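Q: Read top to bottom, the protein sequences are chains E and U. Take 1 as the starting number for the first sequence in the numbering used here and just add one per residue. Take 1 as the starting number for the second sequence in the numbering used here and just add one per residue.
Worth flagging that the hints you see were computed from the coordinates, not collected in a lab. Just so it is clear, the structure is predicted and the values come from calculations on it, not from any experiment. A couple of the hints might just be wrong.
Identical copies look the same in the list; a pair holds intra-copy or inter-copy alike.
[What the hints assert, rightly or not] 16 Å max Cα-Cα, derived EDC-like pairs, lysine to aspartate or glutamate:
| hint | residue 1 | residue 2 |
| --- | --- | --- |
| 1 | K320 | D138 |
| 2 | K310 | D18 |
| 3 | K299 | D76 |
| 4 | K106 | E279 |
| 5 | K270 | E235 |
| 6 | K299 | E188 |
| 7 | K299 | D273 |
| 8 | K106 | D191 |
| 9 | K259 | D273 |
| 10 | K270 | D260 |
| 11 | K299 | D141 |
| 12 | K297 | D191 |
| 13 | K310 | D146 |
| 14 | K299 | E235 |
| 15 | K3 | E23 |
| 16 | K310 | E179 |
This is what each chain is made of:
There are 2 protein chains.
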Amino acid sequence: MSKSINVAVYETHGNPADVLDVETQPWPTPSPDEAVVQMRAAPINPADLNQIEGKYPVRPQLPATPGFEGAGVVVDVGKSVKDLTAGALVILPHNLGTWREAVAVKASALVIVPPGIGPVHAAMLKINPMTAWRLLHDYVDLKSGDWLIQNAANSAAGRAVIQIARNLGYKTVNVVRREELIDELRAEGGDVVLVDEENLREEVRNATGNAPIRLGLNAVGGGSALRLANTLAPESTIVTFGAMSLQPLKIPNGLLIFKDLRFRGIWINKWYDNATMQERMDAFRPLFEMAKRGLLKTKVEKSYPLSEAKAAVANAAQGKRSGKIIFEFGE
Amino acid sequence: MSKSINVAVYETHGNPADVLDVETQPWPTPSPDEAVVQMRAAPINPADLNQIEGKYPVRPQLPATPGFEGAGVVVDVGKSVKDLTAGALVILPHNLGTWREAVAVKASALVIVPPGIGPVHAAMLKINPMTAWRLLHDYVDLKSGDWLIQNAANSAAGRAVIQIARNLGYKTVNVVRREELIDELRAEGGDVVLVDEENLREEVRNATGNAPIRLGLNAVGGGSALRLANTLAPESTIVTFGAMSLQPLKIPNGLLIFKDLRFRGIWINKWYDNATMQERMDAFRPLFEMAKRGLLKTKVEKSYPLSEAKAAVANAAQGKRSGKIIFEFGE
Chain E
1 MSKSINVAVY ETHGNPADVL DVETQPWPTP SPDEAVVQMR AAPINPADLN
51 QIEGKYPVRP QLPATPGFEG AGVVVDVGKS VKDLTAGALV ILPHNLGTWR
101 EAVAVKASAL VIVPPGIGPV HAAMLKINPM TAWRLLHDYV DLKSGDWLIQ
151 NAANSAAGRA VIQIARNLGY KTVNVVRREE LIDELRAEGG DVVLVDEENL
201 REEVRNATGN APIRLGLNAV GGGSALRLAN TLAPESTIVT FGAMSLQPLK
251 IPNGLLIFKD LRFRGIWINK WYDNATMQER MDAFRPLFEM AKRGLLKTKV
301 EKSYPLSEAK AAVANAAQGK RSGKIIFEFG E
Chain U
1 MSKSINVAVY ETHGNPADVL DVETQPWPTP SPDEAVVQMR AAPINPADLN
51 QIEGKYPVRP QLPATPGFEG AGVVVDVGKS VKDLTAGALV ILPHNLGTWR
101 EAVAVKASAL VIVPPGIGPV HAAMLKINPM TAWRLLHDYV DLKSGDWLIQ
151 NAANSAAGRA VIQIARNLGY KTVNVVRREE LIDELRAEGG DVVLVDEENL
201 REEVRNATGN APIRLGLNAV GGGSALRLAN TLAPESTIVT FGAMSLQPLK
251 IPNGLLIFKD LRFRGIWINK WYDNATMQER MDAFRPLFEM AKRGLLKTKV
301 EKSYPLSEAK AAVANAAQGK RSGKIIFEFG E
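For reference, chain E alone in the conformation it holds in the complex (with noise of 0.2 Å):
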């Protein structure tokens, strides 16, 4: 252990690769209630980006270090901290900054990871996995055998819609931009997965001999929102959580007025904070259930040690990539 740690830091808001530094602070010492976390994987998620560009909706106070995700390893807890031994591996909350070697934290805000997942796999339960099982649970009351339609369907968050839908017994039509990516989904879990077209109305229809689907995620916004809700029954729910498209939904008030379609939208960091431990772990569990068999595991296209944060979200800000780009940290 060292005396001192790694810290990526920016000072003002901009562009990622231009204002992200990596500065040395002291190892941190835990308060009475707080724990010791040796950081061991963090990814960088679109939200990261976007708060370190400044249009993200929380502006945090500067200098600030970002990261709202990630896994590490608990090595010293406060006097008066139970139930939290070194050693465990443990998932972080979302607002102390995971872009750091090592952070003091309120222990009763770490989540323990049970044997058998590991850190990297771990470090990304938090949010993707979790949007899925929040979108599969909060909206529309599913039985096993209903369908549901999901547009980014080869996204982190989608891949994570397919396994936990197909493991409730949920039947998935996914759509995609790219036709290469129809085998991959298929062997996922994904029941049908088709490529966004006008015409996707009458494709779900024959795929899907016509059943109703009552439950419509949309990662895109735009056209893609609009066909997507073409392809609802009437009385359907359908909730946005990501914008992939940076179009606004455009949405005739026929859907509204006379199919009675009702639109949502969801935010996982604030459902994260306004959820008890005891709501945030009944989601965990099914999920680290999942995880143990070796499902929910995220692509990652390439880890950086936190000393290249530069050219990591560099990288990250790419459009395409097939996977995560994430900090790994030496142990």
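Given chain E, work out where chain U should sit, using these hints.
A: Chain U alone, transformed into the frame defined by chain E:
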């Protein structure tokens, strides 16, 4: 009582003034469970014109008689009809076409209007005041003193919203397009009346003392709906029930994801179809109480006899009116 009646009929969809004709039909004879109602008043609503044009989501079998709303007097009852006697003023259901001098209708589908409410008044309670009632009851749990906001506040539904909200103790922000309506709607009971413009959000904040507004009512669509949405507190609901601008809603993804706004819609005829008579009466009873006090009166611009149906629909199709066009039938 004549042995034949005049009935408005169209045989093909098209421009109402072109395709609508008045024909003679035999005086109706009631089945055992039916009553014969002699019509007294029936308005021309936008949905009536849309259905004649073939633009309404439900297409009738042709030839068809228009008219979703109206009131008349019971003049004859079938032999198994109880609880309904000749002379009762009744509100008609919307599936038989009210633009006719008389009609045989299932007695159980009629709503008896209590004394003290005239036929013209009664004929326009089922769509706009009922829509207003549902808008104020089915989406957000408002408490006395809470604010809501609506556009198209000068419409028949908008004025009903003002009066019902006032009756329930809710405060209204009313958005209109023309400044000259401000005094009129204030006199009607509107707490705040504002002209729709780009800085609506700030104007609303100033006028309400920055009170949270959790319900938005949209009958315009397009930019107006978005300006309305931007005045709402997080986790609020905006309900669409009209589309005067003919423009779709354009919803930035962030309003769904980060602000957690919920977009809904209502189609009052569908609500009415799905409701039990008990549920309908739970709304009609308080609406009747208000009507007896002289409230919920829809402004009439001009009334026509049914024989002038072509001229009536031509007038109703014009945008610039100060009230409804209605049919009044001889006693």
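Q: If a hint holds in the structure, say so; if it doesn't, say that too.
A: How the hints compare with the structure:
no.	hint	in the structure
1	K320 to D138	neither (32 Å within a copy, 45 Å between copies)
2	K310 to D18	within (7 Å within a copy, 70 Å between copies)
3	K299 to D76	neither (31 Å within a copy, 75 Å between copies)
4	K106 to E279	neither (18 Å within a copy, 52 Å between copies)
5	K270 to E235	between (26 Å within a copy, 12 Å between copies)
6	K299 to E188	within (12 Å within a copy, 61 Å between copies)
7	K299 to D273	neither (26 Å within a copy, 50 Å between copies)
8	K106 to D191	neither (42 Å within a copy, 48 Å between copies)
9	K259 to D273	between (34 Å within a copy, 15 Å between copies)
10	K270 to D260	between (27 Å within a copy, 10 Å between copies)
11	K299 to D141	neither (30 Å within a copy, 44 Å between copies)
12	K297 to D191	neither (19 Å within a copy, 55 Å between copies)
13	K310 to D146	neither (45 Å within a copy, 50 Å between copies)
14	K299 to E235	neither (35 Å within a copy, 33 Å between copies)
15	K3 to E23	within (14 Å within a copy, 96 Å between copies)
16	K310 to E179	neither (33 Å within a copy, 55 Å between copies)
Hints 1, 3, 4, 7, 8, 11, 12, 13, 14 and 16 from the earlier list are contradicted by this structure; the remaining hints agree with it.
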